[in-house]
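Asks: Same order as they appear, the protein sequences are chains A and B.
Quick note on this note's numbering: the first sequence kicks off at 1 and runs consecutively.
Quick note on this note's numbering: the second sequence kicks off at 195 and runs consecutively.
These are computed hints drawn from the structure, not numbers from a lab.
Honestly, I wouldn't trust all of these hints.
[Stated by the list, open to error] Which stretches of chain B does chain A cover? Using the computed rule of at least three CB atoms under 8 Å from a CB of chain A, they are:
# : segment
1 : 207-219
2 : 316-327
3 : 446-456
[What the hints assert, rightly or not] Some chain B residues flagged as far from chain A (calculated, every beta-carbon gap over 12 Å):
#  : residue
4  : Leu268
5  : Arg283
6  : Thr290
7  : Asp308
8  : His351
9  : Gln368
10 : Gln378
11 : Glu409
12 : Glu461
13 : Arg463
14 : Ser473
15 : Ala576
16 : Ala608
17 : Arg611
18 : Gly620
19 : Ala622
[Claimed, not checked] Simulated DEER-style distance windows between Cβ atoms:
#  : chain 1 : residue 1 : chain 2 : residue 2 : range
20 : B       : Arg269    : A       : Lys52     : 32 to 38 Å
21 : A       : Thr94     : B       : Gly365    : 25 to 31 Å
22 : B       : Glu266    : A       : Gln145    : 32 to 38 Å
23 : A       : Ala144    : B       : Arg246    : 53 to 59 Å
24 : A       : Thr94     : B       : Pro511    : 44 to 50 Å
25 : B       : Pro298    : A       : Thr94     : 28 to 34 Å
26 : B       : Trp567    : A       : Arg166    : 53 to 59 Å
Positions of the beta carbon are idealized from the N, C-alpha and C atoms, including for glycine.
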Amino acid sequence: MENQGPALEVLLHRIAETPDDFLALPKIGNTGEVSVPAVVHDLCERLGAPVKAEALASFAGTDPKKDRNRLSIALLLAWVLADDWFAGIHPTTTQVLDLLGPTSVQLAQHAASTKYLNDPDRREEVARLVLAHFGYRPAGESKAQAQDRLTSLSLVERERVLRAAREAEARARTIREALAKKAAEESADKWTRE
Amino acid sequence: MSDPDISDRDRYPTLSAHGQSMLRFLQEHPHAPIYRNQSGNRLTLEEVNRARAFEKRVRSARVGWEPQTEPEWLRAFVEECFATVPFYRNHRLDPTRVSVQELPTTSRADLSHDIAAFVPDTVPTARLINFRTSGTTGHPLLLASHPFVAASYLAFHKRALDRFGIELRHGRGQVGVVLVGYQQKCFTYVSVTPTMDESGLAKINLHPADWRDPEDRAKYLDALNPEVYTGDPLSFSQLAQLPLKRRPRALLSTSMTLLPGLKTELEQRFACPVLDLYSMNEAGPIAVANDAAGGHVALQDRLFIEILDPSGARLPPGQRGEITLTGGFNFCLPLLRYRTGDYASLGFHRGEPVLLGLEGRPPVMFRTDAGIWINNIEVTHALKPYSISQYTLHQQADGSLQLRWVRHGAATDAVRRALETLFGAGQAITIHEVVRFEGKIVQYTSDLPFQP
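Kindly produce the complete structure, drawing on both the sequences and the hints.
Replies: Here you go:
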């Protein structure tokens, strides 16, 4: 969240005004209407982030019961990203797919897609998560304010923060163990010693 | 001390038959010391090639920046630190929005608290090595490093030697360097330097306890005939006493203040230049003393040197303060405004940064017999002409002075007179000669509270 993005209200309004095409049921097997891989492909084109067909496979889904909610959320996020502002920050393909894939899965674990559309707090969560994903915060907010608000609103963010802390501790432990090994103690040749 | 988990293949991954015979020569020589440890260069072939390229770049690089400015690479380096190093990231600052001068400084205590937080996320941990320092500040350090970093030291040594017109020539079948120590306990081993066609490297302890016969020391070193000796003023004082017949092409001194008196004596004894390197485990070789430049000339092209006042504000060239480092070649320990605990002012000589009046440790104020307060640097200047390996000066609460020293060649009376000239004829001075100091020493101390 190093950089300032658009005003929060702009994104909240965009989410509230999500058109029917992005609210229709995702196509999974013989059910549903919207092909999510096609939407993601078109979005990537629009954002200038080229994507290969095989990278879109997970957006097809196989089990309507299991996949519908996360794909509906992916459609909602795709609508948010289709705003012109996002094309201007030139996101990478990986960034886009990470948001529509894993982040949709995480959001789906906590609420139905309709809630992210209709509940004001959940709408705000989506808006803030999307901005934070690309390293931005809402216009007019400090980094600390934006982080505090996101953490208090979002279970997904709280889980991410916890996961990051666990990963950081695991990494620090690995480094300490590596430095304590006999091989590390033996060190290596320097022509002078301090 | 050998570990069955570590093989010679790990220690010397590129070792050839020539290298093997060099190791045998160093280890099995009839006059060899008792080698107590094992170590090696640990360099892969790819790293050997990379170390050669690094050396080429370092030796020809322009070191420095315009006075009162910052080097071009600095901003990108700072941003990289904030993106990848946990300790700096935890400052929670936007590095693109603050100047370098506004960034918090880093202390030895920070490194001592948790070195893992200084290793960038991008560094693989499998081949980390460590360097330990005992220090004199109550903060012993264990520093993360890598075999390539250790090998990179040589590039800066060569850059320093270039200033004195010395190009190292030794290669296959010859001994490139002997690292000389003089301690009760010392890490000793043999190795080869692959970037110099496996010339020999021996790290030895001149203390008689490490030799079957003390007479072996000169015989062994003459047999090795190294191109360079590296060590500190104390170990070089011992080396100078040995009846060596062969001469090195240079001596590289690190770790302690090398007084000009001893330097001159060593240069005469060995008939070669003696380079006084300012070097530390945290940053490697930083600068080399050069009379023409009037101080220690910076050696690293990717190391920015600031001089700070106690509040952390940057001082202009010419003003004395704490040497503070940003950058460095240890990619396992990128330094951001690291306060070294050493003091100097910054000058520029022909465009190169020079550390003027370099002194380890914060300044200590001494009171003269006339009640005038003087900086310890005055003492250093007064003792410069004398051949002293190592010394400490302490002022007691009653104002009396105690000089403890490893005398080497200097005359006690002459040193006493030099101190009396500085402190006044009535100054009480006791001088104690010691055989050696144990561990690192704090050179200047005082029980008198400074009253400006």
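Asks: Is the claim that Arg463/B lies outside the interface with chain A correct, judged by CB distances over 12 Å?
Replies: holds (20 Å)
Asks: Taking C-beta pairs only, is Ser473/B more than 12 Å away from all of chain A?
Replies: Given a closest Cβ separation of 5 Å, the condition is violated.
Asks: Should the label of Ala608/B as a non-interface residue stand, given a Cβ cut-off of 12 Å to chain A?
Replies: holds (31 Å)
Asks: Minimum Cβ separation between Ala622/B and chain A greater than 12 Å?
Replies: Holds: least Cβ distance 36 Å, greater than 12 Å.
Asks: Three residues minimum, CB to CB under 8 Å: does the segment 446-456 of chain B make the cut for coverage by chain A? Let me know.
Replies: Coverage by chain A holds for the segment 446-456 of chain B (3 residues, Cβ < 8 Å).
Asks: Is it the case that Gly620/B keeps its Cβ farther than 12 Å from each residue Cβ in chain A?
Replies: Non-interface label stands for Gly620/B: nearest chain A Cβ at 40 Å, farther than 12 Å.
Asks: Between Arg269/B and Lys52/A, does the beta-carbon spacing fit 32 to 38 Å?
Replies: holds (36 Å)
Asks: Okay, Thr94/A versus Gly365/B on CB: inside 25 to 31 Å?
Replies: Violated, since Thr94/A and Gly365/B (Cβ atoms, about 48 Å apart) do not stay within the stated range.
Asks: Going by Cβ atoms, does Arg611/B stay more than 12 Å from chain A at every point?
Replies: holds (34 Å)
Asks: Take a quick look at Glu409/B and tell me if its Cβ sits farther than 12 Å from every Cβ on chain A, holds or violated.
Replies: holds (26 Å)
Asks: Per the stated criterion, does the least C-beta distance between Glu461/B and chain A lie above 12 Å, as a non-interface residue requires?
Replies: holds (18 Å)
Asks: Given a hint of 28 to 34 Å, does the C-beta separation of Pro298/B and Thr94/A actually sit inside it?
Replies: At 32 Å between Cβs, range holds.
The structure shown violates the earlier hints numbered 1, 5, 6, 7, 8, 14, 21 and 23.
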